[in-house]
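A.B. asks: Taken in sequence, the protein lines are chains D and Z.
For the first sequence, the positions run 4 to 476 when our numbering is used.
For the second sequence, the positions run 4 to 476 when our numbering is used.
A hint or two may mislead.
Remember, identical chains collapse to one label, so a pair may be satisfied in a single copy or spanning two.
List of simulated lysine to aspartate or glutamate pairs, EDC-like, C-alpha gap at most 20 Å [unchecked claim]: (1) Lys70 <-> Glu236; (2) Lys115 <-> Glu160; (3) Lys448 <-> Asp234; (4) Lys70 <-> Glu298.
None of these hints come from the bench; they were simulated from the model.
Below are the chains, spelled out letter by letter.
2 protein chains.
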Amino acid sequence: MFTLDRRSHVALPQQLVQQVVLAIRSGALKPGAALAGTRTLADELGVHRNTVNAAIDELAAQGWVEKRHGRATRVTTTLPIPHDVEAGATRGLGFGVRPWPGSSRAFEAVPKGVLDFSSGLPDPRLFDATALARAYRRSLRHSKGRLLGFGHPAGDERLRRALAAQLSARRGIPCTEDDVVITRGSQLAMHLLALALTRPGDTIAVESPGYPSYRDAFTCLGVRALAISVDDEGLDVEKLATVKTPLRAVLLTPNTQDPTTVTLSARRRLALLEFARRRRVPLLELDTDFEFTFEGPAGLPLASQDRAGVVVYVGTLSKALAPGLRTGFVVAPKELRDTLLAVRGQVDRTGDAGLERALAEMLEDGEVQRHSLKARRVFLERRDLLLELLRRELGDVLSFEVPRGGLGLWATVSRSVDVEAWAARALNHGVRFFPGSAFSPTGRKLHALRLGFAHLNETELVEAVRRLVRARA
Amino acid sequence: MFTLDRRSHVALPQQLVQQVVLAIRSGALKPGAALAGTRTLADELGVHRNTVNAAIDELAAQGWVEKRHGRATRVTTTLPIPHDVEAGATRGLGFGVRPWPGSSRAFEAVPKGVLDFSSGLPDPRLFDATALARAYRRSLRHSKGRLLGFGHPAGDERLRRALAAQLSARRGIPCTEDDVVITRGSQLAMHLLALALTRPGDTIAVESPGYPSYRDAFTCLGVRALAISVDDEGLDVEKLATVKTPLRAVLLTPNTQDPTTVTLSARRRLALLEFARRRRVPLLELDTDFEFTFEGPAGLPLASQDRAGVVVYVGTLSKALAPGLRTGFVVAPKELRDTLLAVRGQVDRTGDAGLERALAEMLEDGEVQRHSLKARRVFLERRDLLLELLRRELGDVLSFEVPRGGLGLWATVSRSVDVEAWAARALNHGVRFFPGSAFSPTGRKLHALRLGFAHLNETELVEAVRRLVRARA
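Just chain D, same shape as in the assembly:
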């Protein structure tokens, strides 16, 4: 009646349990029916008697069978007699799972061998992982288990203190560890902010063009994203000021606008801060590229000029160190912070305190700063190489400003070229890039494209541009 498969990765007693249960559920074994003795079963199945005993104990513990002293084990008499579940049984119920909104585009894996211009991420190959591993080991050893329990939902206090010191000294944002909330990268920061600040049906203002994933953190929750255009002075604050719809937040990248890399002008910073104060709208300032300003000094964030407490500042260590470490941070007014922590509790409770402590040590030792300075030099060389290659090879179709900062280049494409078609062909030629439309909240076609250069070394850049040229024809 039963047969066990020794090649299966399911253990033998487990197999027997499942088969008995299925026999009962299919009606083949009726309530009250006696099972063969364990010795008989063991012989039939060609297994050791202990295997059968383990299975019987398991079945009895779950109430499928009743063991009776000195008599045959039988199927529990009180079990309801089920009809055959096989009839009409279907794998997968059509749970009515809703198709998830928001452009999944940014998350498509890059096919093997494809050189990827589509991401603005740094090159993790530059990062000295052993220093991190050492710090991680030290932090776990010294913590005697404390870092392996649940940590504070705001994150490791030492990391918050180290970040606060950095933000104060280098970014002009006076803050302490109490003002900082550590998150799983800037993406979780946006998700928590979306849950804390908005409800389905609310409206926020976003940059057009703008980085899709941050926008999607809101739209995927049913929030409307109102597109405000970006020009060579950054977000068009004058246009924003004319918006009548109540706004729950303004999402922007004022320092190195993503993807255009323009800097929000002083004029507009003034107007924007004033707008936020009057309309009581929080400004969500994303400043993920702070370390990578190549021309002139790094622009101070909007948050450093915020007297009215309207700016929520979001940063990350993904660019200064490595994206895989998933460590971002938020500086927010207390009322919002408290809600963020409550939300965090329901979303994933807390971060990885051991890793956070290790990163704190690396910040305290200046390890992080040293790394990002080194990376900055490398990325500047890569940027300049890319600029040179593009001028030489594609100067007739691409025009661009030298990006003041950031890890991507934004180029205007001559109207003679169909950018979408070029991007599609490029993938077949083994190079991926996002056409401007990927950054347009409305999906509108733009005669532009974005090339992220930081994670491609010089050989790869040369080859990638060669493929771009081939794909163009």
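Chain D is already provided as a structure; the job is to place chain Z on it using the hints.
C.D. replies: For chain Z alone, kept in the frame of chain D given last:
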């Protein structure tokens, strides 16, 4: 006009930039107004001239001032003249942050020196962190940066494979790495499932009493939780079957019910699977305590008996290893899995691939299994000590079944005792426990309490019970 504070943690050039910007914003410096020369400013402020130059460059880069060759730098003439923002400026805008729903109770930090019965977590002090640190170092070294980039949203493939092998062999859930999604602990799993399966206004069924955090993952998103009572056979499936409201999911802990530790009977497993198949309702099976079955063999999960693909299985390594590692997993039908991955992309993109690879190695080496067996022995001793202490010291007010598994004890309290008041007094006596009401979806008072024992060593247990006794009077 400006004064710099050398004791401030804000760098001097940054301070000067901020003060100039504020002078402009307050109207003290009008558009077109000339700044003093850098030498003069440097003398006035008693700083090096380079400090002033850095500040001026910064201000010019942001467009606040205009540098003019051979002439005084002046405030940009095109700046709009702002009225004094200080007038009526308030820190904190009353963003209209919504108070976050759901019992935050489970997330209250334990005051120093307080012995905590309120959590069902294991004891991270038992965990050999150096083994983890070693594995982490190895995985980072071998990956050459790959593990520091963005990983697959489903998690490291090797960890998924190792988990799938365990689930197949030990839990009777035949699956491969493709069926598994790694999450940040079981809490993120519930959050992702809530987003994927429900919308505000939907209804799910939950156990009463039941674990609050999993329930809250849904209710905090505006989902209604319908309380179905739990008796000595587990969730009352007969009552569930009478529910007319369309249900989007049933949340349950069939194997070691949290908090009562009862096991769902075979009779009800049959009825429940049949109910789910007919009503097309996914069963979210939480099986976080699998490793800690103390009496008899570990009950096979509902998922091992699921022929119709109605069970979504959620487990975690938080209990087998340590909560701080935040590593849970979901086994779900493909249609749901695809949505979970899309949701994950918007929530926090991906996990920590380096840590996941390290855990994969520890599973492959049998390190995890060895640890959880060791922990199981220790926790069994602690359970038995607690039972003995309670029988001796509180036998007159507490009655309980010996829990077959799980890391908490559920006890009925005699009606002569006000449990809530006892819990409040206990905190003052330096011991915390949750009264039954903490687990009631309706907040109803129950004559019961839960004592999590696994993370308290024997000395701590003795002292904790002594404090319980003192607090009782």
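A.B. asks: So, for every hint listed, does it hold in this structure?
C.D. replies: Hint by hint, here is what the structure shows:
1. Lys70 <-> Glu236: between (81 Å within a copy, 19 Å between copies)
2. Lys115 <-> Glu160: between (40 Å within a copy, 16 Å between copies)
3. Lys448 <-> Asp234: within (17 Å within a copy, 60 Å between copies)
4. Lys70 <-> Glu298: The answer is between: 17 Å across copies meets 20 Å, while 80 Å in one copy does not.
In summary, this structure violates none of the numbered hints.
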